[in-house]
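Which chain is which? The protein sequence lines are A and B, in order.
Residue numbers for the first sequence follow our numbering, so the first one is 40 and each next one is one higher.
Residue numbers for the second sequence follow our numbering, so the first one is 975 and each next one is one higher.
Some hints here could point you the wrong way.
Said to hold, decoys possible - Only pairs whose alpha carbons sit at most 27 Å apart, straight line, appear in this in silico DSS-like list of lysine-lysine:
{"no.": "1", "chain 1": "B", "residue 1": "Lys1161", "chain 2": "A", "residue 2": "Lys121"}
{"no.": "2", "chain 1": "B", "residue 1": "Lys1161", "chain 2": "A", "residue 2": "Lys120"}
{"no.": "3", "chain 1": "A", "residue 1": "Lys561", "chain 2": "A", "residue 2": "Lys689"}
{"no.": "4", "chain 1": "B", "residue 1": "Lys1201", "chain 2": "B", "residue 2": "Lys1212"}
{"no.": "5", "chain 1": "A", "residue 1": "Lys380", "chain 2": "A", "residue 2": "Lys397"}
{"no.": "6", "chain 1": "A", "residue 1": "Lys393", "chain 2": "A", "residue 2": "Lys478"}
{"no.": "7", "chain 1": "A", "residue 1": "Lys50", "chain 2": "B", "residue 2": "Lys1189"}
{"no.": "8", "chain 1": "B", "residue 1": "Lys1189", "chain 2": "A", "residue 2": "Lys87"}
{"no.": "9", "chain 1": "B", "residue 1": "Lys1201", "chain 2": "A", "residue 2": "Lys122"}
{"no.": "10", "chain 1": "A", "residue 1": "Lys644", "chain 2": "A", "residue 2": "Lys660"}
{"no.": "11", "chain 1": "B", "residue 1": "Lys1161", "chain 2": "A", "residue 2": "Lys117"}
{"no.": "12", "chain 1": "B", "residue 1": "Lys1189", "chain 2": "A", "residue 2": "Lys505"}
What the hints contain is simulated information worked out from the structure, not anything from laboratory work.
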Amino acid sequence: MEKELYFKGHKSCPGCGPAIAIRNLLAGLGEDIIVSLATGCMEVTSTKYPNSTWNVPLIHSLFENTPAVASGVSRALKHEKKKGVSVCVGGDGGIYDIGFGALSGAMERNEDMVCICYDNECYANCLSRSTLIMTEHGIKKIMEIKEGDKIYAFNQKTYRPILKKCTGVFDNGEKPVFELETSHHSIKATSNHPFLILKRNGRGKQNTLIWKTLAKINIGDEVVVLKNLEIAESFRFKNIRLSKKGDYKVNKINFISIPEKSSPELMEYLGMYVGDGWCRIKKAETGFALPEKSKERKRLIWLHSRIFKNRVSRTDSNYLYINSVNLARFIDSMGFGHGAKNKTIPEWVFTIPKEEKKAFVRGLVSTDGYKVENSFRFVSSSRDLLNRLRLLLQTMNYRVGKIHWRKTKKGTKIVYRNLLEDTEGGYICFSEKKEWNIKKYPSQYTYQNFLIRNQYFEMEKVKYKKLIGTEPTLDLRVEGEHNFIADGIVVHNTGVQRSGATPFLASTTTSPAEVGGKHEWKKNVAFIATAHAVPYSATASIGFLPDFEKKLKKAKAMTGFRFIVVHAPCFLSWRFPNNQTVGVARSAVECGLWNLFEIENGLFKFTYSPAELKPVEPYLKLQGRYKHISAEGTNEIQEHAKRVREELKKLEESKINFQYFL
Amino acid sequence: MKKIMEGSIAVAHVTALCRPGVIAAYPITPSTHIPEELSRIQPQYGYEFVDVESELSAISALIGASAAGSRTFTATSSQGLLLMHEALHNAAGMRLPLVMAVANRAVSAPINIWNDWQDSLSQRDTGWIQLYCKNNQETVDTLIQAFKIAEASLIPTMVCFDGFFLTHEISPLEIPSQEEVDSFLPKFSPASSLDIGNPLTFGAFVSPEHYQGLKEMQQEDLLSSVKTIKEVAAEFEKKFKRKQFPFVEEYCTEDADYLFATMGSLAENAERAVDSLREKKEKVGLLRIKCFRPFPGKEIAGVLEGRKGIAVIEKDLSLGNEGILANEIKAALCGVSEKKKPSLLDVICGLGGKDVPLKVIANLYQDLKKNRCGTIWV
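So here's chain A without its partners, still in its complex pose (with noise of 0.2 Å):
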């Protein structure tokens, strides 16, 4: 590649096969040529105001008539007498489908264009970045998972929570984002995201779960949300280091006795400290404001001599002071934060016993908590904590309100005292849940929850829904269940629509599994091209570059209308890992799914052929767009790339010119 014609910066996922097809037909192409790109991935992500991607002349008009926008381009430069060869590029719905009239008008007018379309059938979707994801290792930020992680996911057979690694993270840029609210749970997604709601298939007939994506989730549908999830291991602390006499400015220690894991009475203690304490290194110094003679100051100092094999060593009328490096070390280690704004729940907090994260609540409650009739309040100014605190509470089968937040601004009276800044707050309500007596009504309580036998999951009705601005998105891939929880909803991590080139049987939200994915075969749009008896129609794969660029070569050199067709992966709506985007490029070839072949001035010849076509089976096992198909589909799927290849060959022997059909 001698100049680069297609900048870094372009918001495409890692490992994306249309974004590889841009890059090097447009390195085949040279820099001599003008740009008329379809509204679709390659566009979003590529021209960004006020950035783009493109180093050669580029005009994006629409979604439908880009092959007529073209057509003028080309018009023009005829006329102005101006150099450069005019050039179409479209996604596999922009040229295939809803761009279908604009094509077939240029082809037949013979325009003097070349027509180039990546067929890769994807439209990606995506959760705020603000989302909180169950992990292996307690709760996390969407943003912060990485690659290897192993997340929960929802088994969709035994419908248990299970661990499945986390085998990609996408950036998908600014989206607008809605916000989905149940009784107990909330949650912010893009509106073609999926969610897995209960289908009632009516009396006496087994209900079942689907997928359906938010944009057409009414109020009322049942989502899947978590209700319990005990990983039950207390958590072991790492090793910190400990101050002891002689260290530098060392001189006296207070001794104190750091417990190797968690404990009920420690996760009280911490609750406590989350509510109302402090810690200082420096000053070697961890406080509680507990006032004297309050029940809460006398359970603390029990606590902490029980714990630490300590004394609290100073104590006034509100405060009192343990003056211990060590124990200020410990407990700043745990994550819990520092200020009343930055408090939060580390995600460790998520993994232990549910004893001990009763505990910590009741620890939490004592201070900054009171109880109203059966249901408990807990205040607090920091949001992420009531956020992770509402989380956590999900994880224990208790009931939870949604986060009740105001500002209070300035000069506003509170108990005889204004306000000197303005102050945020809120408060969460929860209560212990009350068994439903199942056995005594068993038809009626399964009928309004469908899972309420399991142990780990169970329905909610969706309360509303509504817009709330744009905000950055991400998405997540996970193998095998493609499926992940996230504010503790079950969610599905990717989606992809039907178009004209999706091929048999591969499944999609609008072609599902639970269809069979689509009943029709892939729309073949070289033939097409054909029949317009343009003067070049051909495929080529981003698998075999070589080929690509030889095709894009010849292409150039001709003149009327030359239409290259390019297969290009996009492993988020074909479900494969995104490292393996060229290979599947190339075994779709390699076992017939996908033929390289050019038809020149009317007449068929094979560009790449294999001696002999590969099985079928793995390229389709590799992929989870075909994972729902039966060994029936897979032999249909086998036969129909025979019959093709030995059909092509026939027509290759035939010299049968496609010029004379007109």
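Given chain A's structure and the hints, the job is docking chain B onto it.
Chain B only, in chain A's frame:
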């Protein structure tokens, strides 16, 4: 030189004189004669003529051609214009100076091929300049100006003239010579175009932080294009010695208590109706709106202020509300004090080519004198 010509043929010939680079069109009644004539005389003038397969492709080809640096033209009507709708927004947003002749025709359903203004008035929010002509002389004069206005302001321009009433009317017309047109209309040389020496991206993807700002700029430029329209009309008037009315035309308005307001070829009928009423010493006049986008609200309010009543005679309808023109004029009168505000009668007529005889217009005067308000159908 005066020639006897059909409206459509005259539009085709004058367009060719403007030296367009690329013309793309798809036939639709009543604009069909324009592309027919343009393809017949193509060898004489050497422009590229693209026989596209739909109106959407016609305007799309123009978008590509205009971005690549060619002067472009198309003609259409009714359903064809509606099929272009998406691309109309697109061309205006990309600031491409396309010029289009619209032979106004009713919109389906029920299907009808005769004249009203529903097709182009439905496109009023697409960001195009819209000029409505009263006769064929004005149509050809406006067409020459339209290229200059569009290219100076980088805003696409529609020249609207009534289907059949004007497109198929044969009349003596002043057709300028090639030299005259050349001396008025310079060669099209846009500041930026698709060029392999200077790789630019047209039609980028814009996120929320920029989108509104860009739309605001587009609106500002469309509003301030009134200056260009005025200047171009003045220059044309000086050169071709024919009176031009860039925004509104007044007829017998000096002492008129009551006014008719209308657009397009209906204005000629209204003039005759005013004549007949004036013979009976009735103080009545006519206000014709030529430029509909950008809307000359100030000029209109200036003319209407202090009159006793006006009747807005229009061949269009905003279904679910009232006549489009009446609606816009009401909004323009917003700043006029209550005392000086005339009563406004909205007259919906002539939809789908229904005849509007002189007598009907003259009779409206009786309603006007009673200061009737609201919407009536005649």
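Lysine 1189 of chain B and lysine 87 of chain A: Cα distance at most 27 Å?
Measuring from Cα to Cα gives roughly 16 Å; hence the hint holds.
Need the status of pair lysine 644 of chain A, lysine 660 of chain A: alpha-carbon distance at most 27 Å?
The hint is violated at about 30 Å.
Check the hint pairing lysine 1201 of chain B with lysine 1212 of chain B against an upper bound of 27 Å on the C-alpha distance.
Roughly 17 Å separates the two Cα atoms, so the pair holds.
Sort out whether lysine 505 of chain A lies within 27 Å of lysine 1189 of chain B, counting only the CA atoms.
holds (26 Å)
Below or equal to 27 Å on CA atoms is what counts here, so check lysine 1201 of chain B against lysine 122 of chain A.
The given pair, whose Cα atoms are some 36 Å apart, is violated under the 27 Å limit.
Are the Cα positions of lysine 393 of chain A and lysine 478 of chain A separated by 27 Å at most?
holds (25 Å)
Verify the proposed pairing of lysine 1161 of chain B with lysine 121 of chain A, using a straight-line Cα cut of 27 Å.
holds (16 Å)
With a cut-off of 27 Å on the C-alpha distance, tell me whether lysine 50 of chain A and lysine 1189 of chain B pass.
holds (25 Å)
Would the pair lysine 380 of chain A and lysine 397 of chain A pass a check requiring their Cα atoms to be no farther apart than 27 Å?
holds (23 Å)
Does the alpha-carbon distance linking lysine 1161 of chain B and lysine 117 of chain A stay inside the 27 Å limit?
OK: lysine 1161 of chain B and lysine 117 of chain A at ~17 Å, within 27 Å.
Tell me if the straight-line CA distance from lysine 561 of chain A to lysine 689 of chain A falls inside 27 Å.
Since the Cα atoms of lysine 561 of chain A and lysine 689 of chain A sit roughly 21 Å apart, the hinted pair holds (cutoff 27 Å).
Are the Cα positions of lysine 1161 of chain B and lysine 120 of chain A separated by 27 Å at most?
holds (15 Å)
Checked against the numbered hints above, the structure breaks hints 9 and 10 and satisfies the rest.
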